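Taken in order, these protein sequences are the chains called A and B. FYI, in numbering that gives the first Met the number 0 the residues of the first sequence are 0 to 193. FYI, in numbering that gives the first Met the number 0 the residues of the second sequence are 0 to 768.
The hints are all genuine.
DEER-style ranges, computed between Cβ atoms:
#1 132(B) - 180(A): 38 to 44 Å
#2 176(A) - 132(B): 38 to 44 Å
#3 180(A) - 231(B): 39 to 45 Å
#4 178(A) - 554(B): 48 to 54 Å
#5 139(B) - 38(A): 24 to 30 Å
#6 148(A) - 35(B): 53 to 59 Å
#7 179(A) - 492(B): 53 to 59 Å
#8 178(A) - 233(B): 32 to 38 Å
#9 66(B) - 119(A): 37 to 43 Å
#10 95(B) - 48(A): 54 to 60 Å
#11 478(B) - 148(A): 54 to 60 Å
#12 480(B) - 119(A): 48 to 54 Å
Here are some chain B residues pointing at chain A (derived, C-beta under 7 Å):
#13 146
#14 147
#15 149
#16 150
#17 154
#18 158
#19 160
#20 183
#21 186
#22 542
#23 547
In silico negatives: residues of chain B with every beta carbon more than 10 Å from chain A:
#24 33
#25 195
#26 406
#27 458
#28 481
#29 485
#30 494
#31 524
#32 561
#33 604
#34 719
Quick caveat, the hints were computed from the structure, so don't treat them as lab data. Note that the coordinates shown come from a computational prediction; the quantities given were computed from them, not determined experimentally. Built from N, CA and C at the ideal position, the CB exists for glycine as well.
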Amino acid sequence: MRGAILIALLLLCAPPVAIGDTGELPELVQHETAVGRFVQRRQLPELERPIVSRGRFVYSAGRGLLWLIEEPVESRLVIDAEGVHQDGKPVRGGGAFAAIRPLFESLFSGDLGPLERDFSVTREDAGERWRLELSPRDGQLARALDRITIEGVDTPLRLVIAASDGGRTELEFTDVTHPERLDEALIQAFDRAR
Amino acid sequence: MPADENLSARRLRATLWLLAVIAVIAATIVAWPGAGWLRTDVRALLPDPGGGARIAEASRSLAAPFEQRTVWLVGASDAERAARAGRALAERLRATDVFEEVEAEVDRAAYERVARALYPYRHGLIAPDTAQRLEQAPAAFLRERLALQYSVAGAAGGSLTDDPLGLYNGFLQEALAGPARTATTIDSVAVVEGRGRHYAIVTADARAAGFEARAEPPLIGVWRDTLAWAEDESLTLHATGAPLYSAWAAQSAHGEISLIGGVSLAAIALLLIGRFRSPRPLAIAVIVIGAGVGGGFAGAVLAFGGMHLITLVFGATVIGVSVDYAFHYFSDSLRPGWTPEAGLRHVLPALRLALGTSAIAFLSLALAPFPALREVAVFTVCGLVASWSTVVLLLPVLVRPPASAPAPRHWPLRFAPRLVFVIPAVLVLSLPGILLLEPRDDIRLLYATPERLSADDDVIGELLPRPDANRFLLVRADSGQALLERQERLRPELERLMDSGALDGFRAVTDWLPSLERQRDNERLLRGLVESGRFGEYLRDLGFGEAGIERREAAIREPGPYLAPATALDVALERHRAQWLGCNEDDCAAAIVVTGAGEGDALERLAAEQDGVRWVNRIAAVNEGMREHRRLSLGLLALALLIVSAVLSVTLGVARGMRVVAVPALALVVSLAAVGYSGALFSVFNLMALLLVLGVGIDYALFYHCAPSAGRPTAALGIGMAALTTILAFGLLVFSDTPVISAFGMTLLPGLTAAWLLALVTGSEAWRE
Numbered sequence: 000m001r002g003a004i005l006i007a008l009l010l011l012c013a014p015p016v017a018i019g020d021t022g023e024l025p026e027l028v029q030h031e032t033a034v035g036r037f038v039q040r041r042q043l044p045e046l047e048r049p050i051v052s053r054g055r056f057v058y059s060a061g062r063g064l065l066w067l068i069e070e071p072v073e074s075r076l077v078i079d080a081e082g083v084h085q086d087g088k089p090v091r092g093g094g095a096f097a098a099i100r101p102l103f104e105s106l107f108s109g110d111l112g113p114l115e116r117d118f119s120v121t122r123e124d125a126g127e128r129w130r131l132e133l134s135p136r137d138g139q140l141a142r143a144l145d146r147i148t149i150e151g152v153d154t155p156l157r158l159v160i161a162a163s164d165g166g167r168t169e170l171e172f173t174d175v176t177h178p179e180r181l182d183e184a185l186i187q188a189f190d191r192a193r
Numbered sequence: 000m001p002a003d004e005n006l007s008a009r010r011l012r013a014t015l016w017l018l019a020v021i022a023v024i025a026a027t028i029v030a031w032p033g034a035g036w037l038r039t040d041v042r043a044l045l046p047d048p049g050g051g052a053r054i055a056e057a058s059r060s061l062a063a064p065f066e067q068r069t070v071w072l073v074g075a076s077d078a079e080r081a082a083r084a085g086r087a088l089a090e091r092l093r094a095t096d097v098f099e100e101v102e103a104e105v106d107r108a109a110y111e112r113v114a115r116a117l118y119p120y121r122h123g124l125i126a127p128d129t130a131q132r133l134e135q136a137p138a139a140f141l142r143e144r145l146a147l148q149y150s151v152a153g154a155a156g157g158s159l160t161d162d163p164l165g166l167y168n169g170f171l172q173e174a175l176a177g178p179a180r181t182a183t184t185i186d187s188v189a190v191v192e193g194r195g196r197h198y199a200i201v202t203a204d205a206r207a208a209g210f211e212a213r214a215e216p217p218l219i220g221v222w223r224d225t226l227a228w229a230e231d232e233s234l235t236l237h238a239t240g241a242p243l244y245s246a247w248a249a250q251s252a253h254g255e256i257s258l259i260g261g262v263s264l265a266a267i268a269l270l271l272i273g274r275f276r277s278p279r280p281l282a283i284a285v286i287v288i289g290a291g292v293g294g295g296f297a298g299a300v301l302a303f304g305g306m307h308l309i310t311l312v313f314g315a316t317v318i319g320v321s322v323d324y325a326f327h328y329f330s331d332s333l334r335p336g337w338t339p340e341a342g343l344r345h346v347l348p349a350l351r352l353a354l355g356t357s358a359i360a361f362l363s364l365a366l367a368p369f370p371a372l373r374e375v376a377v378f379t380v381c382g383l384v385a386s387w388s389t390v391v392l393l394l395p396v397l398v399r400p401p402a403s404a405p406a407p408r409h410w411p412l413r414f415a416p417r418l419v420f421v422i423p424a425v426l427v428l429s430l431p432g433i434l435l436l437e438p439r440d441d442i443r444l445l446y447a448t449p450e451r452l453s454a455d456d457d458v459i460g461e462l463l464p465r466p467d468a469n470r471f472l473l474v475r476a477d478s479g480q481a482l483l484e485r486q487e488r489l490r491p492e493l494e495r496l497m498d499s500g501a502l503d504g505f506r507a508v509t510d511w512l513p514s515l516e517r518q519r520d521n522e523r524l525l526r527g528l529v530e531s532g533r534f535g536e537y538l539r540d541l542g543f544g545e546a547g548i549e550r551r552e553a554a555i556r557e558p559g560p561y562l563a564p565a566t567a568l569d570v571a572l573e574r575h576r577a578q579w580l581g582c583n584e585d586d587c588a589a590a591i592v593v594t595g596a597g598e599g600d601a602l603e604r605l606a607a608e609q610d611g612v613r614w615v616n617r618i619a620a621v622n623e624g625m626r627e628h629r630r631l632s633l634g635l636l637a638l639a640l641l642i643v644s645a646v647l648s649v650t651l652g653v654a655r656g657m658r659v660v661a662v663p664a665l666a667l668v669v670s671l672a673a674v675g676y677s678g679a680l681f682s683v684f685n686l687m688a689l690l691l692v693l694g695v696g697i698d699y700a701l702f703y704h705c706a707p708s709a710g711r712p713t714a715a716l717g718i719g720m721a722a723l724t725t726i727l728a729f730g731l732l733v734f735s736d737t738p739v740i741s742a743f744g745m746t747l748l749p750g751l752t753a754a755w756l757l758a759l760v761t762g763s764e765a766w767r768e
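Only chain A is shown next, with the shape it has when bound in the complex (with noise of 0.2 Å):
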């Protein structure tokens, strides 16, 4: 009896303690799985035209991020607890890559905790849209990063990276559904991909 109150008290207590003391984080819906396709656009001050890049994208609690590119080129990215791995291969990077793990996960899980710890967290409500605005807190992200913008109607539609070098990376996601269950095609791809 004396357990059960216990793990009452816990239960109880939980929230806030996860939230931690901003008290004011925004929350999204939150998902376990979430299957769509996006478009990637990337914008370099000196290049002549925007790097774009289209394909599908899975999103699952247990799994991590799968992206499908499609379009140049046909390649796989996985992002999950392990680590970034493209086509096999283990991913790593300076700049802002250290804050995409973390940006990802809370994007479709909508849990915004992860990103709380890199970022400071605005939202803008407008009717049924969101739009939440991430500054990097750290200064070594901010000399890499300038903003992240995300915006949505319950998940997320567009993502937005303001580079501090100039550089625009913007992704959008359509046909965003969230299936009880994956595909076991799409469960061998993300094993396929790391």
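Position chain B against the provided structure of chain A, taking the given hints into account.
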């Protein structure tokens, strides 16, 4: 001789003693080295394992960044919790005042500094694996790079305009990789995964602490509190680092010095007050002990500029021996009609002999090239000389015949067995023990470490393989560039050993400073990409304009600039710089540190096949030295016994001489057997104890055999008191936590007891005749 003249001669000697004491104190104060007088580092005990100054220098250089460092791994079920726990741990450690610097976050600023400084040299800087791929399959390589640029990882991973192929970024990733390649960064905290958990890495540099006479050094207190905190938070915590080991050794030594010193003093006090019925001899004994310990301390400071902790613990036992001389003098004062001069005349020959034999025994120890043995020898001999001088110079002024003490009675053993029966009995009983003796010549066994600390050290070694400052490849060449080229030629061999499992990993200077030749090769590879048009095509695919492409191609076609050692060293991370030992004229050297090489047999074979490459395993070399010295010392001991036999046969006659020698000889046998039976550590350090058994055994036997008939009762009393206190003082060492000190006690306790009992047996026999 008129009494007045005697008195003034005594006063003159006492004044001489006082002046000598003042001189020694003054010299010690002048030579005082400050806070660093007490060494707790194991390496201070090691003899030079050979190989010359360069190897010792390399070892020092590699160890320097870690001298004050403690490493803490705090583990939780997931990486985020681990990172949070890492930050919390760092906060806790910072709040204590024992650390100078506590780091939970990866120092990205240092990495950025290196990245900026080396950028101008980027065309020559390509990671070896990448260079190989670029040479063998340039098209596939470019395809991969292109795919990356279309993914979100490419978008966030470094500047496309500054480093379009990501080659420089790849070089930095390799060059600046930490010891754990598998570490990930979560919220700026480095986290490793293993043993089913995620661990945050926190490093804390301890403030340089002198030896503080405290029951618990602050660092140990912090360690305990932090372990308790982790337990409360249900986190896993492992900690290691040289400062923790030193603090632990200091703590256990502090307890042992107090216990051993305290109990010996108490025993001496009881004996003296009990026997002489006056506090005066006790007060005098305290002066003699003070002179002994002070003299030893001063000797070690003057000769070595300080001492090792182990020396100090052994030094505490000087109390037990140094007071012996005073005992002989006190005992003699119990004779009827005693005067200070007659007393001195009586005991001086025996005292001279005693000091002479002990000094010779211990000084022969100092001949061994073992810093620890030397220090102990010098400490002991100086201590003995100081207390001996105190007895001879000062005591005639201080000692008065006690008024009420009972005169000693003649008490040789009435039922003593004859020596001819004792000898075979001792030999038969000792033989199995001697056969059980198992030498363990391992320097690592000398130190006591709490189980928790050594278990944690193993766990951390597994999760976070760290290069060992005592085991590395030393590469030498006659110029800096030749050295770098030699290291580069070694790389494929080392990679082959990694594939075969003989090696987990290695870090070489060439990771961050390729040779000029290699930089030119790398530049050629890039130029090849430019000439074949592939580079331009890649940039065009990404949307670069023609002007930008031309500018980049021109920069690659232009040779240089090349990264020179001086420039690289200027910005290198501390742990990297430590590997470069530089050039002495045309002798250039650098170390390649390795992880997971075990005892390094494979590396030793590899080094044997290569010019200018040497596998250094200092621990193994030291252990080999310990083995040699153990054998050598055992031989010397036997030789010493033979010489003593010869000398005593000449002076005392063969029969008496042999009877005297039988005492230390049998005592040595008993000592060895006791070590064998008890399973105590048997190494070169036990030989030191055996030398003491030899010296003291001869003393006891000689005092019996040389005492004139009138002086026998007081001689027996003096020997008895000396033996009891010495046995007590050394016997207590058995309970030491430090294996080497405990083994010292285990050798001395039975040896000295046997020497005393055997001296009684032969003494009684001699007197009956």
